[in-house]
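Q: Sequence:
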Amino acid sequence: MATALVIENDPTDDLRRLGEWLTEAGLDLWVVRPYAGDELPADLEGYAALVVLGGPQQAYPLPDGSPGAPWFPALEGLLRKAVRHRVPTLAICLGAQLLAAAHAGQVERSPSGPEIGPSVVGRRDAAEQDPLFRYVPLIPDVLQWHADEITELPHGATLLAASTRYPHQAFRLGDRAWGLQFHIECDTAQIAEWATDSTLLAELGYEPELVVAACNEVMADIEEVWQPFAARFAALALGELDDSGPRHSLPLLGH
Numbered sequence: 001m002a003t004a005l006v007i008e009n010d011p012t013d014d015l016r017r018l019g020e021w022l023t024e025a026g027l028d029l030w031v032v033r034p035y036a037g038d039e040l041p042a043d044l045e046g047y048a049a050l051v052v053l054g055g056p057q058q059a060y061p062l063p064d065g066s067p068g069a070p071w072f073p074a075l076e077g078l079l080r081k082a083v084r085h086r087v088p089t090l091a092i093c094l095g096a097q098l099l100a101a102a103h104a105g106q107v108e109r110s111p112s113g114p115e116i117g118p119s120v121v122g123r124r125d126a127a128e129q130d131p132l133f134r135y136v137p138l139i140p141d142v143l144q145w146h147a148d149e150i151t152e153l154p155h156g157a158t159l160l161a162a163s164t165r166y167p168h169q170a171f172r173l174g175d176r177a178w179g180l181q182f183h184i185e186c187d188t189a190q191i192a193e194w195a196t197d198s199t200l201l202a203e204l205g206y207e208p209e210l211v212v213a214a215c216n217e218v219m220a221d222i223e224e225v226w227q228p229f230a231a232r233f234a235a236l237a238l239g240e241l242d243d244s245g246p247r248h249s250l251p252l253l254g255h
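Here the sequence shown is numbered in my numbering, starting from 1 and rising by one per residue.
Derived from the structure by calculation, the hints contain no laboratory data. Positions of the beta carbon are idealized from the N, C-alpha and C atoms, including for glycine. A hint or two may mislead.
[Claimed, not checked] Beta-carbon label-pair distances, calculated as ranges:
#	residue 1	residue 2	range
1	Met1	Arg84	23 to 31 angstroms
2	Arg109	Gly77	18 to 26 angstroms
3	Gly239	Trp30	16 to 24 angstroms
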C-alpha cells in the first residue's frame with residue numbers, strides 16, 4: 001500500500017474526515033506531529049504523497065524574525081522538494097499558506113479581516129483543465145477559519161478558486177501540488193472545539209453556537225463535493241488517475 005506523509009501542525013487540526021476519505025481510497029497515512037517532538041523527514045523518499053494540515057500559527061515571520069513555528073523552515077523545504085520532484089501534495093489552510101510562502105508567495109494578516117464559517121468559493125476557468133478541480137462544481141461549499149491570507153501567489157501558480165474578499169482560495173503549483181485556503185477535513189465536533197473561546201469569533205461578534213450550527217448544516221454538501229476530490233488525489237498518488245479519457249472515467253459527485 002502506498003503511504004502519504006501527513007504533517008499535523010497542531011493538535012486542534014487533525015485529518016478527521018479527510019483521513020477517512022484518503023484511506024478508503026487506498027492510501028496508507030503516516031502522521032508526523034512536529035509540535036509533539038516528531039522529526040520531519042529530510043526528504044520524501046518512499047512516500048507517495050504529502051498532506052500538510054492547518055493550525056493557528058502564521059506562515060510569515062514573527063515580529064522578532066523567527067518562524068511561526070520552529071519546524072516551518074524544514075517543512076517549507078519539504079514542500080519545495082515535493083513540487084520539484086512532482087510528489088502529489090495537498091496543503092490545507094495554514095498548509096496552503098506555507099506552500100505559497102515556500103515558493104516566494106506573500107502571506108500576511110488579511111486586510112479583509114477573519115473569514116469564519118460556511119462559505120462558497122467560485123471555480124476559475126483554469127480549473128477546467130485541472131485533474132482534481134475539473135469535477136468540482138462551479139460554486140462549491142467550503143468551511144473557512146482563517147485570519148491570514150495569501151495576498152500574492154507564487155510565480156507560475158495556477159489560480160483554481162476565488163472569492164470576492166479573498167481572491168486566492170485554491171491554487172496549483174506545478175502539476176501535482178494543490179493549496180486550499182479553506183477547510184475540507186473538518187467535522188462538526190472539530191468546529192465546535194475551534195469555536196470554544198475563539199478570539200476570532202469574538203473579534204467578529206459571532207455567536208459560537210450559531211457558527212457551529214451553520215457549519216453542521218453544510219457537512220453533507222461538503223462531503224458530496226470533497227470526498228470525490230480526496231479520492232481523485234489518492235488515485236493520483238497511487239498512479240491510478242487517468243485523466244486522458246471521458247470525464248465519467250473518474251469518481252463523480254456522490255459516488
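Q: Determine for every hint whether it applies to the structure shown.
A: Structure-based check of all given hints:
1. In this structure the hint that methionine 1 and arginine 84 lie 23 to 31 angstroms apart at CB holds, the actual value being about 25 angstroms.
2. Under the hint 18 to 26 angstroms, the C-beta atoms of arginine 109 and glycine 77, about 24 angstroms apart, fit the expected range.
3. Roughly 18 angstroms separates the CB atoms of glycine 239 and tryptophan 30, a value that falls within the hinted 16 to 24 angstroms.
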